[in-house]
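First to last, the sequence lines map onto chains A and B. The first sequence begins at 1 in the numbering used here and counts up one residue at a time. The second sequence begins at 1001 in the numbering used here and counts up one residue at a time.
One or more hints might be untrue.
[Said to hold, decoys possible] Reference excerpt, derived from the structure (chain A facing chain B, CB under 8 Å, subset only):
#	residue
1	P56
2	A59
3	A81
Just so you know, these hints were derived from the structure itself, not from any lab. Because the structure is a prediction, the values reported are computed rather than measured. The C-beta atom is built at its ideal place from N, Cα and C for all residues, glycine as well.
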Amino acid sequence: MEILSGALVIAGLVFALLGVIGLYRYPDFYFRILVTANIDSAGLLLLAVGIALQSPTAAFGLKIAIITVLALITSPLSAHAILRSARDTGYRIRQEERDD
Amino acid sequence: MMDFHTVILMVIGALALADIVRMVAGPTIFDRLLCFNVLSIKVVMAMTLYALMTNQSYMLDIAICYTLLSFVSTVLIAQFIRTRGML
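Looking at chain A on its own, in the form it has when it is part of the complex (with noise of 0.2 Å):
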C-alpha cells in the first residue's frame, strides 16, 4: 500500500511538472491554456488518491475526496472564464506564430 501510495503522488508530480513545462513551451496564450488546464486537475486527482490511500483515518480521506470533487468541478469553470474573458477582449491569435 506504501509503494502505490508514492507511485500515485509520484504521477501526479510528473503531471504537474508537465503543465508548468507547458508554461513555458507554447508561444500563444490559447495553446497554454489548453495544456495547462487539463493537465494540473489530472496530477490533483492522483495525488489526492495517492495520498488518501494513506489516510489515518475515515474523516481524512472523506474530506480529501470533498476537495478532489471541488477541484475536479471548478477547474475547467475558471479555464472557461478566463478563456472566455480573452476572447470576448479581442485577444486573437498572432499570424506569424500560427505560421511557425
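We have chain A; now place chain B onto it with these hints.
Just chain B, lined up with the frame of chain A:
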C-alpha cells in the same frame, strides 16, 4: 536523511516558484490569471500533503475553503476584465 514527503513538498515548492516566475513574466493579464489558477492547485496539493505529514485534518478544511475562494476570485477577475470594469 530527508523524508519522502519532505522531498515531494520541496518539488511542489520548486514548481510553484517556476509558476510565479511565469506569472511575473507573462505578456498578457490572461497569462497571469492562468498562472494564478495553476498556482492555487499547487497550494492545495501542498496543503493536502502537509495534512498527511502532521496527521491532523484541520489543514484539509482550509484546503476546501482555499479551493472555493480561488475559484470565486478567478471568475470575478475574469468577468471584471470581460465587462471592462462594469460588473
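Structure-based check of all given hints:
Among the interface hints, the one on P56(A) holds; its C-beta lies about 6 Å from the nearest C-beta in chain B, closer than the 8 Å criterion. The beta carbon of A59(A) comes within 6 Å of a beta carbon in chain B, closer than 8 Å, and the hint placing it at the interface holds. Here the hint on A81(A) is kept, as its CB sits about 4 Å from the closest CB of chain B, short of 8 Å.
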